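Now for the letters of each chain:
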Amino acid sequence: MTSARDITLAVNPPRAAFLNFPLGHTTGKACEPDLQRNILVEALSSFETMTVPGSVKELSFRWSEDGEWKARAFAEGDDRRPRHDTPQYQNDEDRRRAEQGCFSPCPFCRC
Amino acid sequence: MAPVDYIPRIRDNYARLGYKTYSWVVNTDTPPWAPLSKPLSRCRLGLAASGGIYATGQVAFHYKDDTSFREIPTNVDTKDLRATHFAYDLSDARTDPNVVFPIDTLRRLVREGFLGGLASRLYTFMGGIYSSRRVTEELAPRLTARFLEDGVDVVLLVPV
Numbered sequence: 003m004t005s006a007r008d009i010t011l012a013v014n015p016p017r018a019a020f021l022n023f024p025l026g027h028t029t030g031k032a033c034e035p036d037l038q039r040n041i042l043v044e045a046l047s048s049f050e051t052m053t054v055p056g057s058v059k060e061l062s063f064r065w066s067e068d069g070e071w072k073a074r075a076f077a078e079g080d081d082r083r084p085r086h087d088t089p090q091y092q093n094d095e096d097r098r099r100a101e102q103g104c105f106s107p108c109p110f111c112r113c
Numbered sequence: 030m031a032p033v034d035y036i037p038r039i040r041d042n043y044a045r046l047g048y049k050t051y052s053w054v055v056n057t058d059t060p061p062w063a064p065l066s067k068p069l070s071r072c073r074l075g076l077a078a079s080g081g082i083y084a085t086g087q088v089a090f091h092y093k094d095d096t097s098f099r100e101i102p103t104n105v106d107t108k109d110l111r112a113t114h115f116a117y118d119l120s121d122a123r124t125d126p127n128v129v130f131p132i133d134t135l136r137r138l139v140r141e142g143f144l145g146g147l148a149s150r151l152y153t154f155m156g157g158i159y160s161s162r163r164v165t166e167e168l169a170p171r172l173t174a175r176f177l178e179d180g181v182d183v184v185l186l187v188p189v
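Heads up: the protein sequence lines correspond to chains Z and L, in order. Okay, so the first sequence: first residue is 3 according to our numbering, each after it adds one. Okay, so the second sequence: first residue is 30 according to our numbering, each after it adds one.
Keep in mind that the hints are not guaranteed to be accurate.
The calculated DSS-like cross-link candidates involving lysine-lysine, where the alpha carbons are at most 27 Å apart (straight line), are [to be verified]:
no.	chain 1	residue 1	chain 2	residue 2
1	L	K49	Z	K72
2	Z	K59	Z	K72
3	Z	K59	L	K67
So the derived label-pair ranges between C-beta atoms look like this [as the list claims (entries may be wrong)]:
no.	chain 1	residue 1	chain 2	residue 2	range
4	Z	F63	L	T107	18 to 26 Å
5	Z	G103	L	A31	46 to 54 Å
6	L	G180	Z	G69	39 to 47 Å
7	L	T124	Z	N40	17 to 25 Å
Residues on chain Z that point at chain L, a partial pick, calculated with CB under 7 Å [unchecked claim]:
no.	residue
8	A6
9	D8
10	V13
11	L25
12	H27
13	T28
14	T29
15	G30
16	A32
17	C33
18	R85
19	T88
20	P89
21	Q90
22	A100
No lab work stands behind these hints: they were computed from the structure. Since the model is a prediction, treat every value here as computed from it, not as a measurement. Backbone N, C-alpha and C define an ideal beta-carbon position, used for all residues, glycine too.
The following block holds chain Z by itself, in its conformation from the complex:
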């Protein structure tokens, strides 16, 4: 999957499916499970239909009727977060659980 067509063309993977959505939505829009499903069906079908190495399938879905999101797709300046070399948790509870070694796929072993 890719939402950055030119970067993927440069990398030149064996197969790719391009979804023309803003970055951070490579497999669909939030809370739209039917759209997410249809995107993956169209993308994964390429495994059965593509025959030429380096093919990029253009998926048919649109983020919006106008292309307004593209103007905001890359703001000038640098809005990336600082590149800390310590774990960056979504919240403090996650930090506490990780520091206590809580992760386990077993539902009975959760802290």
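Following the hints, complete the assembly by docking chain L onto the known chain Z.
Quick look at chain L alone, frame taken from chain Z:
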């Protein structure tokens, strides 16, 4: 509608900010090709996603060329998934991780019979690694070894 051209935009922005020129990965050789050996409805699929997804209880990714990956059990409860990344807007991924880690979507496609099955574990990493050498030498071979161990027929890669 035409795609956004990220390479010239990033190149110009880096120049304006006085950063060193970013060196894009450019592969000009014909990519390797492995034809699918059976229909998707009989394939076991593996997943690697770069959006910085982890499950609560796991150590989160850091933002400085983190070449580690997390193993996410395929039967994970979606509400236990978190997103961390320094370079993209996380709001939608935190609302619904399926936008960068299509776990519910893939499980649904198995239920519908579109896919034969999923590997028992899926992989995530934090894609902002500014060294293609480290990706090629450290991350990619470890993930490849996992996919071989997991016995998958196809792998879906989901970058951000």
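Status of the hints after comparison with the structure:
1. K49/L <-> K72/Z: Holds, because 25 Å separates the two Cα atoms, which is no more than 27 Å.
2. K59/Z <-> K72/Z: 20 Å, holds
3. K59/Z <-> K67/L: 21 Å, holds
4. F63/Z <-> T107/L: 18 to 26 Å: 22 Å, holds
5. G103/Z <-> A31/L: 46 to 54 Å: For A31/L against G103/Z, whose Cβ atoms are near 49 Å apart, the range 46 to 54 Å holds.
6. G180/L <-> G69/Z: 39 to 47 Å: 43 Å, holds
7. T124/L <-> N40/Z: 17 to 25 Å: 20 Å, holds
8. A6: Because about 5 Å separates A6/Z from the closest Cβ in chain L, which is inside the 7 Å limit, the hint holds.
9. D8: 5 Å, holds
10. V13: 5 Å, holds
11. L25: 5 Å, holds
12. H27: With a minimum Cβ separation of about 5 Å from chain L (threshold 7 Å), the hint on H27/Z holds.
13. T28: 5 Å, holds
14. T29: At 4 Å from the nearest chain L Cβ, T29/Z passes the 7 Å test, so the hint holds.
15. G30: 6 Å, holds
16. A32: 4 Å, holds
17. C33: Status holds, d = 5 Å.
18. R85: Because about 4 Å separates R85/Z from the closest Cβ in chain L, which is inside the 7 Å limit, the hint holds.
19. T88: 6 Å, holds
20. P89: Cβ of P89/Z sits 4 Å from chain L, so the hint holds.
21. Q90: With a minimum Cβ separation of about 5 Å from chain L (threshold 7 Å), the hint on Q90/Z holds.
22. A100: 5 Å, holds
The structure shown violates none of the earlier numbered hints.
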